[in-house]
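Residue strings, one per chain:
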Amino acid sequence: MVRQLVRKPLFWIGFFYIFLWLAGSFAYLWIWHNHIPIADLTLNTQHRIAARPPYPPQQFPPLGADDFAQSIFIVVLIGAKFTLGFAILIAWLRVVLAAIIGVAFRLWIPKIGRIVLAPFESLSYFPIALLAYFILQWVLFQDARMHENHFSYGFWARTWITVAVLTLIALPNTAQTLYNETDHLLQKEFIESAKVLGGGRWHLVRKHLQPYLFPRLVLVFVREIVQVLLLMAHLGLFNLAIGGILMKDNMFSHEAPYSLSNDWGGLIGAYWHFLWTTYPYLALIPIVLVTLAILSVKAVLLAVQQVVEQDVGGGLSKSAKYKQRTADATAVGNGPLSFEPVTDPDRQAYGMG
Amino acid sequence: MKNTWIALILKFLVCFLGIIFVSAVPSLFANGFHLNWPTYWRALTQIVHSLLHAPDMVYTKNEVTRTLAYNVFPEYWGYYGYSFTIFISALVASFVVGLLLTYATVMRSKKTVNVIVSILSFLESIPDLLIIAVFDFVVIAIYNQTGVLLFNVAGAFERTYFVPIVILTILPSILFFRILLLAVLEEENELYVDLARAKGLKRSRIVLVHVYRNALITLCTHLKPIFSVLLSNLVIVEYVFNIFGITRYILDHPQPDIFALSILLFFIPVYVLMAGLRLYAEHLTGKKVAV
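The listed protein sequences correspond, in order, to chains B and X. 151 is the number of the first residue of the first sequence in the working numbering; add one for each residue after it. 7 is the number of the first residue of the second sequence in the working numbering; add one for each residue after it.
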């Protein structure tokens, strides 16, 4: 799989964008210890203040300065590891936990597992951003608001709480998807033969399910990264960011949101008000960065998808391949993931696809 | 058919209860962590009690010395009706746009179609925030240059329809377009299309009548993700444009029962719509569909 993947240009384009930001961000942490350059006031010949931050890019290159006079480029560089790193981590946790739950439930407790997972399907009727907002808003925002800008939990405690919440909130649906996937694989003929020959459940998982499930897990993993990035952007708009947001006095002695981790999602919320100022394009910087990150992950996703299609699609007819592509079309997460058409009657014994 | 009905009703009940259970979860995290059973139980009973006595539902407001209770209804219907109108209009509009675009594309060559599909898969993952921000940016830039305010970019009490609906329509129509396109391509390889062609039917008739009918089934299985995209976009659009819809109401009155009620009032019509479509698709084609 990896060998085929490295031949895809789409994979490299996406990979490099993410990798460069992450590498740059960590390098800045280790070499310059996250020092943020502060822009000075601009004085004219009479030593009067001619201009003060926020500055547009041409006045304080490369990206300008925000209303705390910080260099925006350095701010987003520092934030990159939080945004991309935690998006990857959360997506990975979601997939690994969901795979364990989905496969174990199907193999060891199929009836109970189905009943346990069923009510969680209601999660797909919630606007997830709103649900996550209600769960996180006290620990990441309200807490400091009510206690003179002092959080009851430390920075990393808050961060891990956020990671846990963002993981758990999508876990049941991903687990359901992988439960269905396992269920579908178990209908295959070679599973029947393996069972007849005396293969136990562990043997089935390791020798027969794993080679089919692994490529799908990679696919789900990359897809979840997109979902997490989107969710982080939405939460950022509600002033919730990894590590939390404080309300601080800015250069104009106005209270403004100040992100503690500078993660891009939080910056979207913190910079949104620039839309109404002299330099409205400053508000677009974090949004464009998140968009580019999502598009690069999407490029990787397409490359992975092509490889998976070649791998398992080799023996499929042309029409079955189209069916596979349609099944993968909704990148929203809980679309059906199967090798066969989703209209397969044996898949919906209980009416849940 | 009978089995389908039972499965649909069972699933409805399970989801209904699931929504009530999940809506009580945020109360564990309100004003500090109270991860204990009594808090959850209190929120749960409050939701059930409020839903059973819906007409007398109240929201409470802490004044300096006392706690005041106000009736939720009929004020609530104004907020809900507005949001739901936008939601449904965007859904219908994006479906129609998706259908038209698919029809326009299917007639092109296979190669063009494949290129379009790959472009679409990139376009659909553009965040709604970018669309909204660029829209705001352009409107403001035009206002700064010419003094003409094309659209009101912050709504409040004045309930505008055009701008939110257009913005909400963009992403779902790309999704609809791509899914329909792939579904149609998938059907194109079926034997009945060859038969219809051999009988001398016009290509437009084959696509419009026969292929679309079968593509409906594929669409059914992908409706739920489209709904969730639309729903989360609705929240963001309402929040950004500061329009007085359901999101504002929920945020202003963060009570578990109001949250549960709002989610249920979106879930029920959406579920009925999906179930209806599913029954219709089964009736049309005789195939079984998983919802």
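None of these hints come from the bench; they were simulated from the model. Hints are supplied without guarantee of correctness; some may be wrong.
No more than 27 Å apart at the CA atoms, straight line, and that leaves these computed lysine-lysine pairs for DSSO-like [unchecked claim]:
{"hint": "1", "chain 1": "B", "residue 1": "261", "chain 2": "X", "residue 2": "17"}
{"hint": "2", "chain 1": "X", "residue 1": "116", "chain 2": "X", "residue 2": "17"}
{"hint": "3", "chain 1": "B", "residue 1": "158", "chain 2": "X", "residue 2": "205"}
{"hint": "4", "chain 1": "B", "residue 1": "158", "chain 2": "X", "residue 2": "208"}
Residues from chain X shown here face chain B by an in silico Cβ test under 10 Å; the list is partial [to be verified]:
{"hint": "5", "residue": "122"}
{"hint": "6", "residue": "127"}
{"hint": "7", "residue": "270"}
Residues of chain X placed beyond 12 Å of chain B at every Cβ, according to the derived structure [unchecked claim]:
{"hint": "8", "residue": "20"}
{"hint": "9", "residue": "42"}
{"hint": "10", "residue": "55"}
{"hint": "11", "residue": "57"}
{"hint": "12", "residue": "87"}
{"hint": "13", "residue": "133"}
{"hint": "14", "residue": "206"}
{"hint": "15", "residue": "216"}
{"hint": "16", "residue": "230"}
{"hint": "17", "residue": "238"}
Cβ coordinates follow ideal geometry from the N, Cα and C atoms, glycine included.
How the hints compare with the structure:
1. B:261 x X:17: Satisfied, since the Cα-Cα distance of roughly 16 Å is no more than 27 Å.
2. X:116 x X:17: violated (40 Å)
3. B:158 x X:205: violated (43 Å)
4. B:158 x X:208: Given that 27 Å is the threshold and the Cα spacing comes to 40 Å, the pair is violated.
5. 122: violated (13 Å)
6. 127: Since the shortest Cβ distance to chain B is 7 Å, the answer is holds.
7. 270: Hint on residue 270 of chain X: holds, closest Cβ of chain B at ~9 Å, below 10 Å.
8. 20: The claim breaks: residue 20 of chain X does not keep its Cβ more than 12 Å from every Cβ of chain B (closest is about 5 Å).
9. 42: Consistent with the label, residue 42 of chain X stays out of reach of chain B, its closest Cβ about 16 Å off (over 12 Å).
10. 55: holds (20 Å)
11. 57: Check passes; 15 Å lies beyond 12 Å.
12. 87: Holds: least Cβ distance 18 Å, greater than 12 Å.
13. 133: violated (6 Å)
14. 206: holds (23 Å)
15. 216: holds (16 Å)
16. 230: violated (6 Å)
17. 238: The claim is violated: residue 238 of chain X sits with its nearest Cβ about 5 Å from chain B, within 12 Å.
When held up to the earlier numbered hints, the structure conflicts with 2, 3, 4, 5, 8, 13, 16 and 17 and fits the remainder.
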